[in-house]
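Q: The residues making up each chain are set out below.
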Amino acid sequence: MYRSLFDKEWLKVRWVFLAYIILTISVLVYIASDLRHTFEMKGAIKNWLAITIHHEMYFSSLRYLPMLGGFALAIFQFVPESFDNRFRLSFHLPINEIKLLLYMVILGLGAIIIVDLITIGGFIAVSSSFFPAEIVSASYQTMIPWFMAGLVTYLGIATAVVEPNWYLRIVLGLITYFTASLYTQGTIYMQYNHVLATYAIPILLLTITIIFPGHRLRKGAK
Amino acid sequence: MNLKKLSRYAIILVLIISASVFLPRFYHKIVDKSTRSPIIYYSPVIENFAYFQHTGGHTAFKDGEGNNYSRKGYEKLLPFLYYRDLDKWGVLPDTIQGVPTDITSIRHNSQRIRLRAYNLDQPTIDLYPLFESQSDYTNLSYPPELFRINKRIEFVTAHTNKINEKMSRQFTKDLKEKGFEFPAQLIAGNPTTRKPFDEGYFIVDNEGNVFHLKKVQDSPQCVKTPIDNNLNIRKIVISESVRREIYGFMITESDDVYLISYDNYKLIKLPLKNYNPDKMDFSFYADPVYRTIKYDDNYNYHAVVFDSNYTFIDSMKISLTPEEEKLSTKVKQALFPFEIKTMKSFSSLLHFDLKFQSWLSLIGILISLGIGIFVKIKRKENIKENWFDFVLIIGAGIYGLLGVIFIKPDIWD
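Taken in order, these protein sequences are the chains called G and Y. Counting from 1 along the first sequence, just add 18 to a position and that's the residue number in this note's numbering. Counting from 1 along the second sequence, just add 835 to a position and that's the residue number in this note's numbering.
Extracted from the complex, chain Y is given alone in its bound form (with noise of 0.2 Å):
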């Protein structure tokens, strides 16, 4: 093949590629439905699943029976969640299980942390603000300089951009003291000033044990916790709460989920069936009286809940439509042989994923294949000639067919 063929086909080449990746894209713009995700909580009122979803332009509140509900009954069955309504119809009980439900009490014993999928994939810029941790002020403030963690850890002030040597030696000298083998594997803290208080951050250094880290009237205050080093953690989650209960949740290699209670780090091993961190967005909500975990894919939304103690109470899945089954992803997969995927629902990168469609893609290829020769046959292009058009339509069906037809090929020497 010459140079100026291949030329040709080098255009086509990048129109498919372009093609592969927006006319997916503009046909989802073009067909997509609410997946309509239902919200699942559990009721201390009925000691059952409660969950509500939007339908046919309408939203159903329903049990884990399958019983309708008014919003108002439904929200009845959740005074933890919906106590400000309930308080303002006049219908908040005074207890719940033994558990006073006045508001102060309900918001003191609730909490909610959530991950993203996409977090776990998440580029990092590795530098972090150490909060004062016992402040003389209720608010928390930003400190003036971030840390980093390399082959010691050191402070950069950021209204200089320089290290402080003090500080960064200062802290160095007690990680060291405490064993933390230096440089870290993972450095996890909730860098927000929107918080009650401050817990620091939970590091883990090179060779797998947990540090945690704060910094209390300017001073390093380290411990090496008792967590397991050989846990291999993926990731880890802070987010304080008055509750005092747990400092957050960590996510290991092999997906398992441990929460971090305040019991001297001692781990809860959340029971979790399918949980795929990659693929699923996770949450934990803490009410006076359950702890709730619920994660879903889109498609898939599990809830599982426990007592205060942890003990397993109940699990409920609800699975709506998979992609797959719809019409619309039926006929896409008929159009497209496949699409390069740049975006994906639970990755905060860019790819360029190849994705193949179905056996649907030959109804597609072979009208594509039958617009092509048809089109060639009027042209009267030379067929012989140009016998890689049809190769090309065959592989990358509609988006080659449409890349033979608008670069047509030349009288070559």
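The shape of chain G in the complex, shown without the other chains (with noise of 0.2 Å):
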């Protein structure tokens, strides 16, 4: 059944989680000619310098990439599903509504952690080219909350897009873009590091948002 299941979520997600893929890559191969440029250009210490005196960000194009990625993904997956009643029709299978629905999200939620890891993988390995290790450790310590900013994004659209009602379905979303925005307020590096465990809390408590609109929707709610 669980199999079946992948199945089905792989064949809407398939094409939006490699355009994210394919999107992250291109954001990573942008930030390696802006940086040979730039110390072409300046010269090397000059950047090193902006990163450790002024806190310049020279990977700030990836801040909203994790949300952006996250909607689309809560979009492709959840959208086929709540219209035309087909959720309606999912509840049917022998598998009990909110393990079916918590099942869905731990799929979305495993596609953004992997592009997350590709992310910072593929950041690493253009940064060490350019940085020594410092400047690429603060570097990565200072995306994470971007990260955590996807894992809200896709959370909470997933939340309001099983949600049947549309009155619910806007504070729903303007929940989740002002949660999200809490972790994008950064301006100078490492900013969140002591804090990183207390803003996982809106992320655990959004990981079983889903079923209450969920049972709304099994119910037949407008």
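Because the hints were derived from the structure by calculation, they are not lab data. The structure displayed is predicted, hence computed values, not measured ones. It cannot be assumed that every hint is accurate.
[As the list claims (entries may be wrong)] Pulled a few chain Y residues facing chain G out of the computed Cβ check, cut under 10 Å: (1) G891; (2) I998; (3) S1183.
[Stated by the list, open to error] To give a feel for the contact side, a few chain G residues facing chain Y, derived at Cβ under 7 Å: (4) I71; (5) H72; (6) Y76; (7) P150; (8) E152.
The C-beta atom is built at its ideal place from N, Cα and C for all residues, glycine as well.
Join these two chains into a complex; the hints should help.
A: Here it is in structure tokens:
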């Protein structure tokens, strides 16, 4: 049963998942070419100092990418189910509705985490050829809350899409927007490092929020 | 409680978290007024404090006795500060207290150093440029490498992103010979080319000893300073000035402030009352006659003045209305039972601090509870089954109310 569900989810998200990976790689290639260009034009030391002294973020083009990816995955995974009552067909499968929704969410989170790992791996590979370990390490630590924003966006938008009532969908969309924006406020390196565990709390809460609109959908709420 | 109910409460809790960050922030954007900070100096003309403060659409210029001045009259009290205006008006005196007041002399004998509280917790990327301190050229230029200190001092060349082994060995050897114990606890310098010359870095080694490291003609010049290694130094601020009186200052874990003098690194302890480095901005200002230290927490503005030998002369404190006493703060406390602060005035970090308001919050909680009961009765909700909604309103006031109203309970199995 889970294997069939996995195949069904894969069919829905494969193109957007692939597009998200391609977009991520494209942004990494852009960062690498931009670094090569500024190193050539301004000299390496000025680029290093702009980071160590002025906290310039050469990877800021990655800031909203996880949010975009989370949003797109949630839309592609849940919109086809939420319209034309298709979810209600799925609810007739011999699997508990809560388990079904959580399984779908776990698959979506898995897809996001795979792209996050590709991003971090690619980013470290690109950065290490231009910068010493201190800058590379400070940079990917700075990006961790952005990945968390991606998880918040995915979970929040998935909840909003499953919700059958448009008015509540908007409320859930707003909650998602404001919550995700908590993770992208940073203006200097490593600003969140000491509070990352606390910022994980809203994400943990969001992992189960999809159950409520799922229940409402099954009950036929409008 | 079943998972479906838990899921609804999870949504409400996320809403409460977001609302408690953004609603108080939004409230501040609507009601905040400038705190109108006073700017205090010490006048060598009247030998008293002189300050100005923006109040009610105009600027008040006053001295320490409360006498009012015009802007021109005020500037005449502070010739070391407004010498260009006084020179333009042709009223710059030749000497003040026997000190010549030509523009070059004033410039060469004035110095400012600032330390903002947020500099204390700012995350650092521990790579530093070591300038050539005795260059053949007037202007300083950035070196081609940055250094780090771990088990040894290492110079990493930016162009190649590789360690310059020769330089790293040479500097490590010199530091060890001077008694430096790796790694470093603190590295402090002034990494800018916008300074008249370079004094290198003050580095606290693993045993608390302070070393002064410079690069002179591409070679290390390291001095083990006589500064006590038990001071628990928290921050050193270096600022090169042609006055060559002090290298800068340092703050210890016990909030003591010491100036580091050019006289064999002799420390000058500043007697500053109620200075809290974590919650106050600090500034040192030297003019040809006085040394003025100022520190403030946005509400209490302190100024302490010393003569050129750092003998205490006078001090002044101006207090503004505390935040808690403002009407807008009281309304906020009644409206919001708590807030989550992600940004703080004196910190460069992001936070997630839950700050409870005062007993005034009870007003907001009771009103929210009343509205909550009314809405639920009107909507004919099953109150018995959703009693926890009221717990949320009692605990989170307006945020809880918004949560339980927007996210209505459903028919549970």
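Q: Starting from the hint list further up, note which numbers the structure goes against and sort them upward.
A: 1, 5, 6
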